[in-house]
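**Q** Residue strings, one per chain:
2 protein chains.
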Amino acid sequence: MPAFYDVISRRRDVRAEFTGEPIDGATLRRILTAAHAAPSVGLSQPWDFIIVEDPAVRKEFREHVLHEREVFREQLSDEEAKRFAGIKIEGILDASVGVVVTYDADRGAPAVLGRHAIADAGTYSVCLAIQNLWLAATAEGIGVGWVSFYREEKLRELVGLPERIRPIAWLCVGPVTHLETVPDLERHRWRDRMPLDTVVHSDRYGRPAELAD
Amino acid sequence: MPAFYDVISRRRDVRAEFTGEPIDGATLRRILTAAHAAPSVGLSQPWDFIIVEDPAVRKEFREHVLHEREVFREQLSDEEAKRFAGIKIEGILDASVGVVVTYDADRGAPAVLGRHAIADAGTYSVCLAIQNLWLAATAEGIGVGWVSFYREEKLRELVGLPERIRPIAWLCVGPVTHLETVPDLERHRWRDRMPLDTVVHSDRYGRPAELAD
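Top to bottom, those sequences are chains A and B.
Just so we're aligned, residue 1 is where the first sequence starts under full-length UniProt numbering, counting upward by one.
Just so we're aligned, residue 1 is where the second sequence starts under full-length UniProt numbering, counting upward by one.
Be a bit skeptical, because a hint or two may be false.
Unchecked claim - If you want the footprint, here are the derived chain B segments under chain A, 3+ residues with CB under 8 angstroms:
| hint | region |
| --- | --- |
| 1 | 31-45 |
| 2 | 79-89 |
| 3 | 100-112 |
| 4 | 123-133 |
| 5 | 149-162 |
| 6 | 180-191 |
| 7 | 197-211 |
Claimed, not checked - Here are some chain B residues pointing at chain A (derived, C-beta under 7 angstroms):
| hint | residue |
| --- | --- |
| 8 | 20 |
| 9 | 23 |
| 10 | 26 |
| 11 | 66 |
Calculated from the structure, these hints are not laboratory results.
As the structure is a computational prediction, the values presented were derived from the model and not from experiment.
All C-beta atoms, glycine included, are put in the ideal place defined by N, C-alpha and C.
Whole structure, please, built from the sequences with the hints as guidance.
**A** Below is the structure:
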């Protein structure tokens, strides 16, 4: 098992490296246990995880995602569209399973401690669980890719979510040949990573912080 | 440095255990570097971190939080209010620093790859960075407590955020005497942690999954 900071830096958003081999059940349980150990507003634990293996569901979701890819492409300049053409945005059928992560606003309601002033605090908690899942998978040598080219209504219908439950993510999860060392979008010159010091401020926004080296 | 799963399980939402000692600058840089290594939609890296040391800002924020504590308390039943009375909800002046984490929707815009269909994907990215920060701090023996009893407008004004930038969290950060082994809200019988199997489904919501042990 790699050391903590190795996991942080090795984690990638995987598209092309899935092998399609089955994911070991005990490994999947450890990864989901890590997700479920995340902090949540008022200890509401408002997340659910739907493990999608059904090929028909995955195929239909992928078709929808490819359609949304086109919707996005039409918004791009010619130069951007050229770079976008080479970028793979999903590994839905290549991964071992899909994991749909959702938000249930009724969990612990009505008196969710810490949510009365910030309605979105519940969805924030779900994202903390997703990052725990992502890092645990990385520690286990398992790849994760977050697909976000979809309409929530479509995903809701595909996995039968009740009206109160909101889909937050479709994660492609499974064994990989390797993890890339540079993020796909950086390698394809879509965007570069920014230096840390450009996003750290002291006391007020816009006042540079002097962090130790 | 503890092993990966130890960090996941030792992480706590800290309120009462801050020592108030200064946080080592190099440690703070490592923690923020981990946050900044999080995945983000379209590699937009839409987060900023404002390190708040100014005692006047922290005092004013704390007064606002204590007021919001009262607002929440008034919504509770007598029995809930009794349990709530014993729960500490913030360590704003006890921690070494506050870290305000924000979302900048303009970062990488307009063509943020993966955000055209899900507007909230940008705030999700900020939460992934927060969880990286939280876990890295835990790995370093540093405590983190997320305070969410506040109105966004008040925090925006306190740290001078431009209109386009949204505050996502105030984190209390600093050395601690120890980390509790049981979450505060569980120890105070506010809510219990749920068994993992109650939140895992197979193919469709509500269909139980059979995870390996």
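**Q** Each of the hints needs a verdict: does it hold here or not?
**A** So, going through the hints one by one against the coordinates:
1. Only when three residues or more bring their CB closer than 8 angstroms to a CB of chain A does the claim for the region 31-45 of chain B stand; here the count is 12, and the claim holds.
2. Counting residues of the region 79-89 of chain B whose beta carbon lies closer than 8 angstroms to any beta carbon of chain A gives 4, which reaches the threshold of three, so the coverage claim holds.
3. For the region 100-112 of chain B, the proposed coverage by chain A is satisfied: 4 residues have a C-beta within less than 8 angstroms of a C-beta in that chain, meeting the threshold of three.
4. With a threshold of 8 angstroms between beta carbons, the proposed coverage of the region 123-133 of chain B by chain A holds, since 7 of its residues qualify and at least three are required.
5. Counting residues of the region 149-162 of chain B whose C-beta sits closer than 8 angstroms to any C-beta of chain A gives 8, which meets the bar of three, so the coverage hint holds.
6. Interface restraint, the region 180-191 of chain B with chain A: holds (5 residues with C-beta to C-beta distance below 8 angstroms; minimum three).
7. Counting residues of the region 197-211 of chain B whose beta carbon lies closer than 8 angstroms to any beta carbon of chain A gives 10, which reaches the threshold of three, so the coverage claim holds.
8. For residue 20 of chain B, the interface hint is violated, the least distance from its beta-carbon to any beta-carbon of chain A being 18 angstroms, above 7 angstroms.
9. Among the interface hints, the one on residue 23 of chain B is violated; its C-beta lies about 10 angstroms from the nearest C-beta in chain A, farther than the 7 angstroms criterion.
10. At its closest, the beta carbon of residue 26 of chain B sits 5 angstroms from a beta carbon of chain A; the interface hint therefore holds under the 7 angstroms criterion.
11. A least Cβ separation of about 13 angstroms between residue 66 of chain B and chain A goes past the 7 angstroms threshold, and the interface hint is therefore violated.
This entry does not satisfy hints 8, 9, 11, going by the numbered hints stated previously.
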